[in-house]
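I would like the entire structure built from these sequences, with the hints used as guidance.
The sequence shown begins at 1 in our numbering and counts up by one.
It should be emphasised that the hints constitute simulated quantities derived from the structure, not laboratory data.
Glycine is no exception: its CB is placed at the ideal position from the N, C-alpha and C atoms.
Check each hint, because a few of them may be wrong.
[To be verified] Pairwise CB distance ranges (calculated): (1) VAL80 with GLY124: 22 to 32 Å; (2) ARG36 with GLU103: 15 to 25 Å; (3) SER92 with VAL26: 33 to 43 Å.
[Said to hold, decoys possible] Capping the alpha-carbon separation at 27 Å, the derived lysine-lysine pairs in DSS-like fashion look like this: (4) LYS64 with LYS110; (5) LYS110 with LYS54; (6) LYS64 with LYS54.
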Amino acid sequence: MMRASLPLCACLAVALGVSTVHAQAVEAPFEPGLMRLAEILGSLHFLRNLCGEKGDQWRVEMQKLLETENPDPDRRARFVASFNRGYRSFGSSYSRCTASATEAINRYMKEGEALSRDIASRYGN
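Now the structure itself:
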């Protein structure tokens, strides 16, 4: 069974602390990164469960992101769509855990860590 690396969880926790101004007319510069992070969480939710991790850790992380961001309905829908896109992108390709699924997990874990660190260091409080 694969476990989340502590650096990713710590970085996600920091990234989840990024606050936004909800009344902005212009998209915040970190918005694409947060949407990508949501997509990565969806991918990890599918792949990690496929490869033996039972539970909803990655969905819970997504819920934390939503609670922290407290987005308006349109922005929330974009977050959910990103998570679902990540989940579905692998659901249509993999029906069992393979070496390439494991490699995808490793790549997404690294990308998620890097993205979380970058968002937190650039835009965190």
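How the hints compare with the structure:
no.	hint	verdict
1	VAL80 with GLY124: 22 to 32 Å	holds, 23 Å
2	ARG36 with GLU103: 15 to 25 Å	holds, 19 Å
3	SER92 with VAL26: 33 to 43 Å	holds, 35 Å
4	LYS64 with LYS110	holds, 20 Å
5	LYS110 with LYS54	holds, 21 Å
6	LYS64 with LYS54	holds, 19 Å
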